[in-house]
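Trainee: What follows is the residue order along each chain.
There are 2 protein chains.
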Amino acid sequence: MRRVKSISGKSPGRRPGRHNTKAIIVAAAQTLFATSGYDRTSLRHIAKLADVDPALIAHYFGTKQKLFVESMLPLYEGPKLLPDVLKGDSQFIGERLAGLFVMMTGDPQRLKLVTGMMRSISSEQQAADIAREFMQQSIMRIVEAYVPGPNKKLQANLVASQLMGVFMTRYIMKVEPLASATTEELVAYLAPRLQAHFEPLK
Amino acid sequence: MRRVKSISGKSPGRRPGRHNTKAIIVAAAQTLFATSGYDRTSLRHIAKLADVDPALIAHYFGTKQKLFVESMLPLYEGPKLLPDVLKGDSQFIGERLAGLFVMMTGDPQRLKLVTGMMRSISSEQQAADIAREFMQQSIMRIVEAYVPGPNKKLQANLVASQLMGVFMTRYIMKVEPLASATTEELVAYLAPRLQAHFEPLK
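Chains as they are written, first to last, in the working numbering: chain R, 1 to 202; chain X, 1 to 202.
Rather than coming from a laboratory, the hints here were simulated on the basis of the structure.
Source: prediction; values computed, not measured.
Just so you know, not all the hints are guaranteed correct.
[Unchecked claim] Mimicking DSSO-like on lysine-lysine, the simulated pairs with C-alpha atoms at most 27 Å apart in a straight line are:
#1 X/Lys66 / R/Lys174
#2 R/Lys64 / X/Lys152
#3 R/Lys174 / X/Lys22
#4 X/Lys152 / R/Lys174
#5 X/Lys48 / R/Lys174
#6 X/Lys174 / R/Lys66
#7 X/Lys87 / X/Lys64
#8 X/Lys174 / R/Lys174
#9 R/Lys87 / X/Lys87
With the hints as constraints, model all of the structure from the sequences given.
Mentor: Listed below in C-alpha cells is the structure:
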C-alpha cells in the first residue's frame, strides 16, 4: 500500500523524525527564497517559518548557500531528463525540448521555484553565481553534445538563452500573447525555434 | 560649430538653466534606478543625488513612474532603428538584428541602463508592468509585421525572448563562453538563430 503524505511531509501515524524535519526546513526555504529572494532570506527566517531552532538548520545543511542548492533540487529534474530528450530522433529535438519546458513550468510548485530563482538571479550576485554554476555543470555539458559546431559551448548557451528568455517573457514580464498562450500553442511555436538551434549553421 | 557638453549636461559658458537641471535629474535617476532598482529608488533619493529640491522633480516629471520612463529614453533608440533593421533584405534580418543588439549593449552607459532595467523587471512588479507596456507598444508592433504567421504576435514574442535571454545569460548570469564572447562571435552565432524566427514555420 502506498503511504499517503500530508503537506508537511509527515506520514500519518508516524512521529516526526529527522527526515521530516529536513523536509519541513526545505519547504520553508523554498517558500522564502521564492518570495523574498536569496539575499533577503536568512537562516533565522527559515527557522522561524519551519518552527525549528536555527542551529538545527546549520547542523543539517551547513550554510545558506547549501540549503539554497538543496531547496532547488526539484529543478534538477529537468537536466536529469535532458539526455533522453536530446538523444532521440534529431528532427524532433525542438519539440521534445519545448515539451520539457512545458512540463517543468506546468507544476505550480516548481514554477514558483523557478520564478523565485529567476528573480534572485537578476537582482543578487550570489544567486546568479550559484545558478551559473548549475547551468554550466548540469545543463550546458549535456546540450553541447547535440548542437552543431565549431563552438558548441556557445551554441548551447544560446539554446539556454532562448528558454530562459521565454520564461522571463511569459512568467515574469507577462508579455502578451505569450503569457496567455496555451501549452499547445507554446509548443507549436517554440519547437521550430528551438529546433533551429540544433541544425547546421548556414 | 558643435557645442561640447560636459558630463553634467551643461554647455560651457552657459548658466545652468531649466534644460540642464532636467538633464541632471535624469542622470541621477538613471544611476539610482540602475544600481538600486525601481522600488528602492525614491524621488527623495534622486533629488539628493541631483542636488535639487524634490518638489522640482515632481514639478518637471510628475510621478516616479514618469521619471523612470524618461530615464529609460536612451533605450528607445533600439526600437527606433528596428524598422530599418527589419525592412531590408529578408535573408539577413538575423544578422542586422544581432548587430542592433550588439550596438545597444556596446555602449557602457546604455548597458548599465538595460542591466538595471532587467534587474528591476525581475524583482519588481511595477517595473515589469512598465517594461511590458514598452515592449508591447514599441517593439512587438514593429516586429510582428516581419515574422511568419498565423500568430505573428506570438512569433514576435519569441524573437524578443531570444534577445532578452541572451542579455540575461551574457550580462546578468555571465554564463561562459557567452559572457566572454567577442561581438563578432556573438553576431556569427546569434544571427542564424534570430534569422530562423523570420523564416516560415515547418
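Trainee: Now, for every hint given, state plainly whether the structure supports it.
Mentor: Hints versus structure:
Simply put, X/Lys66 and R/Lys174 have alpha-carbon atoms about 21 Å apart, close enough for the 27 Å limit, and the pair holds. For the proposed pair R/Lys64 and X/Lys152, the alpha carbon gap of about 45 Å is over 27 Å, so the pair is violated. Note on R/Lys174 and X/Lys22: the hinted pairing is violated, with a Cα-Cα distance of about 32 Å set against a maximum of 27 Å. The suggested pairing of X/Lys152 with R/Lys174 holds, with an alpha-carbon distance near 17 Å, which does not exceed 27 Å.
Proximity of X/Lys48 to R/Lys174 is assessed by CA-CA distance (about 34 Å); at most 27 Å being required, the pair is judged violated. For the hint linking X/Lys174 to R/Lys66, the alpha-carbon distance of about 21 Å falls within 27 Å, and the restraint holds. For the given pair, X/Lys87 sits about 36 Å from X/Lys64 by alpha-carbon distance, which is inconsistent with the 27 Å threshold. Between the alpha carbons of X/Lys174 and R/Lys174 the distance comes to roughly 24 Å, so the proposed pair stays at or under 27 Å and holds.
A C-alpha spacing of about 38 Å is found between R/Lys87 and X/Lys87, which places the hinted pair above 27 Å, so the restraint is violated.
Violated hints, in rising order: 2, 3, 5, 7 and 9; the structure is consistent with all others.
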